[in-house]
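A.B. asks: Model the full assembly from the supplied sequences, consistent with the hints where possible.
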Amino acid sequence: MSEFKNQWALILGGSSGLGLASAIKLASEGMNICIVHRDRKNNLAAFQEEVNKMKSFGVLVKTFNQDALRGDVRN
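Take the sequence shown: its letter number 11 is residue 11 in the working numbering, and every next letter is one higher.
Hint data in this document are derived by calculation from the structure and do not stem from the laboratory. Hints may contain errors.
Said to hold, decoys possible - Okay, the calculated beta carbon distance ranges per label pair:
no.	residue 1	residue 2	range
1	N42	K5	32 to 40 angstroms
2	S28	F64	17 to 25 angstroms
3	C34	G71	14 to 22 angstroms
4	E29	D72	34 to 42 angstroms
5	L69	N43	14 to 22 angstroms
6	G17	K41	17 to 25 angstroms
Note that the structure is predicted; figures quoted are calculated from it, not measured. A virtual CB, placed ideally from N, CA and C, is assigned to each residue, including glycine.
C.D. replies: And the structure:
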């Protein structure tokens, strides 16, 4: 059994690049994923494909399309 089973990773900026690659790798190892990202609507279809890929590993994936640096949207 993976040491990551039933654990959660919080990834900021996880819709592309290193953040997305890290999320996919951790999901493949059995870790649940929470991604905070900022994307325009025209980028969301490709990101959703990656989310589905992570879910195919049997993990939970939560995504939040929010600016984590803005206090008014965090509260």
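A.B. asks: Go through the numbered hints given earlier and state which of them the structure violates, listing their numbers in rising order.
C.D. replies: none
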